[in-house]
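*Asks:* Chain residues, written in single-letter form:
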Amino acid sequence: MKNKRERKAKKQEFKGLQTEFYSNTQVTFENPCGVEILEYNTETVRIGSEKSRVRIYGSGLDLGHISPQCVMVRGKITSLEFE
Amino acid sequence: MKIFDWLAGFCNIEIHSWYCERIITAAAKEGIPLWQIERIDDKTVRAKTGLFDDTELLSLIEREREKLSPDTEIVVCDKDGLIPWLIDHKMRSGFAAGAVICIIAVIMMLSVIWSVDISGLYTVSPKEFSEALERQGLYIGAFANGHDFDAIRFSLIREFEQIAYITFNIDGSRLNVEVTESDQIPETVDNLDYRNIVAKEDGVLIVAEAYEGKIMVEAGHAVEKGELLISGIFPSKEISYRLVRASGKMTAYTKKTYEAFTPYTVTEYLPTEETARKYEISIFNITIPLPFFGDHSYEFFDTEEETVYLTAGEEILPVSVKVSTFNRLEATTHTFTFDEAKDRLLAEIDEKMRIDTHGLEVTDIKVSFAETDLGLYCKTECTVIDDIAIQQKIYTEFIPRKPRQIE
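Going down the list, the protein sequences come from chains A and B.
According to this note's numbering, the stretch in the first sequence is residues 365 to 447, in order.
According to this note's numbering, the stretch in the second sequence is residues -5 to 401, in order.
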């Protein structure tokens, strides 16, 4: 019971971005506390959550889908940088 | 995915602002769906949103106006999808008539039985069963609904003794009838059906035992085909003779011969990669060939047929397309060597023997070949231990006595 509570508390504490790549053509960022688009153009996308920020470089980037907890970036991704 | 987008409907919008990202984030937080977001230029982003979400997006801009640049603007370029398309075409009388006809056609298709599939019939004649179904009101052209299937089932079970259960399934316009037949009643031996035991073929007896009747041979005897082995006419001390149904065990060495011939030059038809397709459309059981879609002029070919039914959800409509695929076969002449022909013959004879001598003990095999100009001939003689007893009916005749003349 105690372990379950601890795990739940730890899960709530995690505020980083869960990142999932599909080759170099699609990347999905998820965070239960919410994600934010800070900057968007065809070559750079900056995404932020409460505790971390990520910058994606590439060409022909577009946002395939966006919801409060998830952002999907598509295009030719060349690199990813944690700020 | 695009078809679902189209069915649900969507708006193509353009966001003109120096802070497009803020609008996108705010929309996401408000739960306004945005997808396929593309940057057009430094100040413009194009996206798609739900069909009725554009007003929410406009009101969001009004609320967030202070945080955004004063020239922020959202332009709804166009609306696409099923609902806008229907709204655009609502004033067209032809379209309305077509839609009504379509709806009526679909209702008609689903409310009438257009095909009946019967499976599971082995002992009952399919024709008789179809006629019985017809009498119960289940035929092509009858309404699919309004049948008391329980009553029909019991009526058919009463009519056909061999049927144990019947399942009826209606998939749209197709009626599937699955018949479960009852187990066969085991054959009973009629002791008044008098019989002799005779030899099925020539052989030398190893075991000769009679369970009923009078034995006429002994183990070690050579018998010919049709020779009486056990007589069903049993001698009786009291009534001179009595008839019985003879039975017994008669195991003998018998000879089996297998012959095969193969020519040295054989024409084989091998499949090529060349294929052609032929389409047939079937509407309400009327088949219309579509020759302009594809045909073939192959001399030798294999055919594969596939029928695709038009469905509305899980319901099958009486519209189907039959696709016949023709694979062209190429005739090639192959000449065998002596060894190849020999192997081919032996394989052919082995296959024949495997089926014919299944469960029998083979004691001796003799193979001989004869070569001709045309090909190779093979003869295999083998000795097997087999039961050669076969029953033969004894025909009795009742001869009425002539009445004595009284002088």
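Hints were generated in silico from the structure; no laboratory data involved.
Check before you lean on any hint, since a few could be wrong.
Pairwise CB distance ranges, derived in the manner of DEER restraints [said to hold, decoys possible]:
1. B:PHE294 with A:ASN388: 48 to 58 Å
2. A:GLU394 with B:VAL70: 41 to 51 Å
3. A:CYS397 with B:PRO64: 53 to 63 Å
4. B:ASN6 with A:GLU394: 53 to 63 Å
As a list, the in silico DSS-like pairs of lysine-lysine whose alpha-carbon atoms are at most 27 Å apart [what the hints assert, rightly or not]:
5. B:LYS37 with A:LYS440
6. B:LYS61 with B:LYS194
7. B:LYS250 with B:LYS373
8. B:LYS23 with A:LYS415
9. B:LYS373 with B:LYS219
10. B:LYS194 with B:LYS250
11. B:LYS243 with B:LYS194
12. A:LYS440 with B:LYS42
13. A:LYS415 with B:LYS61
14. B:LYS346 with B:LYS373
15. B:LYS346 with B:LYS316
16. B:LYS121 with B:LYS250
As the structure is a prediction and not an experimental result, all values here were calculated from the model.
By construction, the Cβ of each residue, glycine as well, lies at the ideal position given by its N, Cα and C atoms.
*Asks:* Taking the hints in turn, state whether each one holds.
*Replies:* A quick look at each hint next to the structure:
1. B:PHE294 with A:ASN388: 48 to 58 Å: At roughly 51 Å between Cβ atoms, ASN388 of chain A and PHE294 of chain B fall inside 48 to 58 Å, so the hint holds.
2. A:GLU394 with B:VAL70: 41 to 51 Å: With Cβ atoms ~30 Å apart, the hint is violated.
3. A:CYS397 with B:PRO64: 53 to 63 Å: violated (32 Å)
4. B:ASN6 with A:GLU394: 53 to 63 Å: About 27 Å separates the Cβ atoms of ASN6 of chain B and GLU394 of chain A, which means 53 to 63 Å is violated.
5. B:LYS37 with A:LYS440: Status holds; Cα separation ~22 Å.
6. B:LYS61 with B:LYS194: Violated. LYS61 of chain B to LYS194 of chain B sits at ~106 Å, over the 27 Å cutoff.
7. B:LYS250 with B:LYS373: holds (11 Å)
8. B:LYS23 with A:LYS415: holds (18 Å)
9. B:LYS373 with B:LYS219: holds (22 Å)
10. B:LYS194 with B:LYS250: Answer holds: LYS194 of chain B to LYS250 of chain B is near 13 Å, not above 27 Å.
11. B:LYS243 with B:LYS194: Given pair LYS243 of chain B, LYS194 of chain B holds - Cα atoms ~13 Å apart, limit 27 Å.
12. A:LYS440 with B:LYS42: holds (21 Å)
13. A:LYS415 with B:LYS61: holds (23 Å)
14. B:LYS346 with B:LYS373: holds (12 Å)
15. B:LYS346 with B:LYS316: Violated, at about 38 Å.
16. B:LYS121 with B:LYS250: Roughly 42 Å between the alpha carbons, so the hint for LYS121 of chain B and LYS250 of chain B is violated.
Checked against the numbered hints above, the structure breaks hints 2, 3, 4, 6, 15 and 16 and satisfies the rest.
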